[in-house]
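Build out the structure end to end from the sequences listed, making use of the hints.
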Amino acid sequence: DAGVIQSPRHEVTEMGQEVTLRCKPISGHNSLFWYRQTMMRGLELLIYFNNNVPIDDSGMPEDRFSAKMPNASFSTLKIQPSEPRDSAVYFCASTNRGGTEAFFGQGTRLTVV
Amino acid sequence: AQSVTQPDIHITVSEGASLELRCNYSYGATPYLFWYVQSPGQGLQLLLKYFSGDTLVQGIKGFEAEFKRSQSSFNLRKPSVHWSDAAEYFCAVGASGGSYIPTFGRGTSLIVHP
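Chain order of the listed sequences is A and B.
Position one of the first sequence corresponds to residue 1 (the numbering used here), numbered consecutively onward.
Position one of the second sequence corresponds to residue 1 (the numbering used here), numbered consecutively onward.
No lab work stands behind these hints: they were computed from the structure.
Keep in mind it's a predicted model, so treat the numbers as computed, not measured.
No residue lacks a Cβ here, since even glycine has one placed at the ideal position from N, Cα and C.
The hints are all genuine.
Sample of chain B residues at the chain A side, in silico, Cβ under 7 Å:
id, residue
1, Gln42
2, Gly43
3, Leu44
4, Leu46
5, Ile101
6, Pro102
7, Phe104
8, Arg106
Below, the structure is given as structure tokens:
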């Protein structure tokens, strides 16, 4: 398996623009996580899906952030409108059913100028 | 709520020296505990994990960790560090039972001197 695939790897956008980050989990995995990594706050869990259903989105910082998982093989994290303080590395991770190891993608480095 | 503390932001060791990275956790029940490594520009890779049983767990790349319930600790060790071990190391705790949601510490940056 190719592992968890995230795109794009790097994104530079202007403040106010919409940004969409994409994630393809490992085939057969039924749980998916979005994390944000910054120097100030470390790794923060944004949202967690189980069987394509959002279970816990308490980590989503504000209404500008939204996430979807339309099927088992694809998820998006959207920021609209983007702000400079959203600059971070965003990671997607997946685990299998009853799984006890999260497999991480290589991340998307987002820069909002 | 579960939480993890990694008290050392940076650790510097010489190549060939031994290493211990500290991790303390807070969780009301028996935790699942993990150590991940992150190389620059990369995602996180699992080094080892503890769920139950033997409190000394072996991982990849020659790493081991010991779970000490009385100290709420899960320290990572390696007897002889290689230059390629330079990276960011994250300790994580997850709720036991079913699929877990890992909560990460702030990480420890390992610097290896030749």
